[in-house]
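Novice: Protein chains in written order, with numbering that gives the first Met the number 0: chain V, 0 to 373; chain Z, 0 to 636.
Please note that a few of the clues may not be correct.
What the hints assert, rightly or not - Below 30 Å or equal to it, Euclidean Cα-Cα: the simulated DSSO-like pairs (lysine-lysine) are:
1) K203/Z with K159/Z
2) K447/Z with K382/Z
3) K341/Z with K546/Z
4) K447/Z with K203/Z
5) K322/Z with K321/V
6) K290/V with K203/Z
7) K214/Z with K546/Z
8) K321/V with K546/Z
9) K382/Z with K341/Z
Bear in mind the hints are in silico, worked out from the structure with no lab data behind them.
Okay, here's what each chain looks like letter by letter:
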Amino acid sequence: MDQIRLQILTTATVATASENVLLSKFSMLTRFHAGFFRISLSLCGQVLLWKTLSEPRAAAAAVVDEPANALLRRLPPAASVLVWSLAFVTLVVLCLLYAARCLFCFRSVRAEIRHRVGMNYLFAPWISWLLLLQSAPFLQPDTSCYRLLFMLFSLPILALDVKIYGHWFTGRKQFLAIAANPTSQITVIGNLVGARAAAQMGWRESALCMFAIGISHYLVLFVTLYQRLQGSDSLPATLRPVFFLFFAAPSMASLAWGSICSSFDVSCKMLFFLSLFLFASLISRPALFRKSMRRFSVAWWAYSFPLTVLALAAAEYAQEVKEESADLLMLVLAALSVLVTLALMVFTAIRTGDLLTHDDPFIPEKSPARAAAC
Amino acid sequence: MLAMCSTSWGMRVLLPERMENRVHISSKRVLPEELPRDAEHIVTELETAAEGDAIIGNDSESSSVLDPVSAVKKPAALSPTLEDQRNQSCSLFFSLPASPSGLHLEQVKKVIMFSDNKVEQSESTSRSLRIITTTTARSEYCQRDKTYDSFKTWSGRLEKQISNLRGKPQEPDLEANNGYEAAAIPAVERYFDALEGPELDTLKESEVSVLPEDKKWPFLLRFPISSFGMCLGISSQAILWKTLATSPSTSFLRVSPSINLLLWCISLALMATISFIYSFKIVFYFEAVRREYCHPVRVNFFFAPWIACLFLALGAPPPVAVKLRATLWYALMAPIFCLELKIYGQWMSGGQRRLSKVANPSNHLSIVGNFVGALLGASMGLKEGPLFFFAIGLAHYIVLFVTLYQRLPTSETLPKELHPVFFLFVAAPSVACMAWAKIRGEFDLGSKIGYFIALFLYLSLAVRINFFRGFRFSLAWWAYTFPMTGASVAAIRYSMEVTNVLTQALSVGLSAISTFTVTALLVTTILHAFVLHDLFPNDISIAITQKKKPKLNKILAHLRSFGSDIKDADNSKEVTPDEAASDDVDDNVRWRGAAEAAALGVASLPRAAATQGAATASWWQQCVDDAGIGEEVGKMT
């Protein structure tokens with residue numbers, strides 16, 4: 000009798016032990032959410048920036064340009080491949096984790112899709128893949144493999160467009176006046192990245208189509224976000240870094256239009272200036288970000304991608320307007336984005352624990368039992 | 000001017016031996032609530048009738064007491080009699096800052112001592128309520144008017160410094176140790192709660208201003224930032240007449256360039272004058288300038304000086320215009336850029352000043368600056384800078400345009416009736432179309448689109464001209480004339496592009512309308528300035544109170560009206576305590592009763608008190624209970 004009891008007890012403890020392991024794995028999965036793709040967004044953006052900067056640029060007479068060009072040309076191609084591989088590996092890992100989450104914790108995924116902040120980050124993996132595709136060192140835009148991959152990555156974006164934008168103007172609950180928040184600009188950025196990739200492939204009409212969808216919704220979103228209507232709730236303080244998306248969207252729009260028009264014309268310049276102004280506006284309000292800087296979280300990664308896109312747009316601008324001040328601006332912004340990304344990588348390496356133990360505020364809290372049931 | 004203090008009922012300290020030790024609170028915190036006759040004290044005394052009609056102070060004093068302005072009391076004279084009656088009298092001293100809003104009543108540290116054993120003798124004793132107003136012993140110093148101190152720079156200390164430097168004798172600064180406490184700027188909701196009207200310049204019925212409304216405030220305090228609107232109006236006329244003179248499509252009018260020169264010189268002089276005066280306001284009344292900055296409508300007028308300078312540069316006669324350098328453009332656009340960073344940033348992320356709430360037609364002034372700067376920069380030959388400002392202006396103009404057209408239910412400032420401020424709608428598209436034409440070098444499709452939008456808006460307002468009625472003239476109306484002028488200049492520019500009879504007639508017609516409007520406005524301004532003398536009325540919109548206390552405000556409004564009667568009232572009015580007690584059981588009225596009795600009483604009351612001593616006592620007890628010091632009184636016995 001005692002032996003049986005002991006056996007039951009041991010099996011019970013073993014069961015609870017394995018359950019604990021399972022529980023911990025699941026709890027990690029529940030804490031992992033689409034916001035983590037900010038990391039991949041930043042890294043893929045960085046790769047694209049490096050690739051753009053290291054390309055031989057048109058001859059500029061500026062004194063500043065020569066040392067910069069020399070510096071960038073001295074970077075061995077191996078370095079860019081290395082960075083690309085790092086970004087690739089990160090993206091693959093994140094995708095696998097998210098796939099596991101979909102498999103085991105579908106309830107959390109469903110809750111995330113319905114959340115007004117979470118739903119926008121569903122675009123993030125596809126944006127990262129597209130950026131990676133554009134900066135792939137070994138793949139040329141005119142190969143069929145490239146085109147296939149482009150379609151593979153942009154069709155989900157279009158599907159998500161239909162779902163989310165449809166909700167904006169026909170939905171009963173998640174319509175724009177209530178759901179609008181700065182992360183909604185990621186949906187716009189998704190369309191614009193797709194438009195740029197398509198334009199670089201030579202598919203002008205698809206590029207124009209995606210650009211039109213993106214820019215029209217950007218107009219509506221821009222006005223709505225500026226109005227800050229009474230019914231719309233404000234973001235939690237820890238998510239303030241996403242305000243940087245305000246200047247990511249117009250920069251991306253200028254890049255996309257530049258690719259479509261094959262030149263950085265007046266509209267591109269105007270969009271770039273708008274993003275510069277919004278950047279200056281946010282930089283001059285450090286108090287806005289103070290609360291979110293108290294504790295490291297994955298939201299900090301939201302700083303990096305917009306800076307990278309701004310630097311990219313500045314690079315295009317400097318190439319168009321061959322002036323010293325423009326080159327200087329480009330260098331400053333590029334350096335800033337690289338520094339910020341490096342700092343974030345260091346922070347992540349040091350405080351990996353913080354990334355996962357801190358529940359992202361927009362996912363509703365779940366008890367471990369429910370998490371285990373997933 | 001009288002006010003009652005509620006909390007001083009509950010305080011108790013021993014009666015000070017000498018009157019000079021009485022601490023008066025009037026300027027302890029430099030408050031906007033102070034009245035010109037500062038440090039008047041209302042001393043209400045209840046005496047037992049044991050000594051008959053023992054009067055504190057002599058007759059001559061009591062009669063002069065009722066004239067607060069000229070009363071110069073010698074407090075020392077009161078003390079002997081007080082000492083004598085110390086044992087017999089029950090004295091309640093209310094020493095109050097003469098404050099209309101009573102917001103800082105809790106600051107009063109005046110003493111009350113209430114000998115409760117006298118209360119029980121109420122049947123046999125009669126009480127008389129006497130009021131003696133005293134001023135503090137400052138007769139030997141020249142009195143500096145402290146009413147407006149909280150609106151002055153560093154709460155008046157700058158003025159003291161300056162008068163120190165000038166060698167005037169200084170009064171003993173009783174507040175010297177209290178440090179500088181700025182009156183906090185009201186939050187934006189307060190402006191919406193307290194003010195109404197399309198320019199948010201009229202005080203609502205239930206509100207009270209922190210500065211006396213019946214007195215004329217110092218000139219600098221009455222000089223609003225919207226005075227720069229006059230510069231805007233005149234300098235835009237200079238641009239119009241320059242365009243009329245130089246444009247080929249209107250050359251048939253044979254306009255002389257000297258008109259432009261004349262108008263330009265006038266606007267230059269006007270700009271210099273107004274800037275000069277306003278810079279004095281910044282130096283001496285910085286707090287008032289801050290309050291203007293926080294006003295949701297007035298903040299947009301802070302762009303007006305810079306836009307007016309840009310207009311001056313644009314309308315400069317050709318010999319002057321060629322000498323203008325790019326550095327001037329950078330110098331003028333830098334303040335506009337900084338202001339924009341602040342204001343658009345507030346729209347985006349700044350707490351309560353969200354656009355859906357504060358949007359009003361005057362916000363167009365903050366947008367137009369971008370387009371005017373772009374126009375000037377492009378005229379000077381700059382390329383990237385004008386495009387930068389054009390882009391910013393366009394993006395934010397779209398946001399503002401949509402918001403104003405929506406007329407959201409949460410927006411509180413859009414007037415239901417039409418007001419000249421609506422003409423600002425025409426400003427942005429007309430200047431934008433000209434700026435775009437200059438940037439591109441030709442009047443292309445984009446400019447034409449902007450021009451037609453401006454024309455449409457002008458037409459929608461012009462056909463509703465009947466509804467522009469019933470508004471008090473204000474200097475800000477000058478700012479609403481420049482859109483009309485801007486539309487005329489755009490029409491002239493369009494007629495240069497598309498030259499036919501219709502366009503030329505339109506350009507001439509619009510120019511005539513704008514010139515006529517400016518002339519009419521000029522006549523009205525001169526009329527108000529020299530005949531009616533109310534060109535600069537009291538600037539109520541910056542003098543709203545920090546917090547709303549409607550009941551007390553109403554009481555104090557009543558009191559003030561009583562106070563103004565006090566010189567005549569004397570014995571003519573009697574409000575018996577009975578009446579006061581029989582009023583509604585309402586805080587409001589009870590206070591009013593007490594206040595009225597306090598404000599009026601004196602010689603009439605002994606008679607009333609003698610016959611109705613019991614009523615008096617009960618009424619008094621009621622007041623005491625209401626004030627909540629009953630138990631404390633009990634403790635004193």
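Novice: Work down the list of hints and note, for each, if the structure agrees.
Specialist: Hints, verified against the model:
no., hint, in the structure
1, K203/Z with K159/Z, "violated, 35 Å"
2, K447/Z with K382/Z, "holds, 21 Å"
3, K341/Z with K546/Z, "holds, 26 Å"
4, K447/Z with K203/Z, "violated, 44 Å"
5, K322/Z with K321/V, "holds, 28 Å"
6, K290/V with K203/Z, "violated, 38 Å"
7, K214/Z with K546/Z, "holds, 23 Å"
8, K321/V with K546/Z, "violated, 57 Å"
9, K382/Z with K341/Z, "holds, 25 Å"
Taken one by one, the earlier hints fail for this structure at numbers 1, 4, 6 and 8, listed in ascending order.
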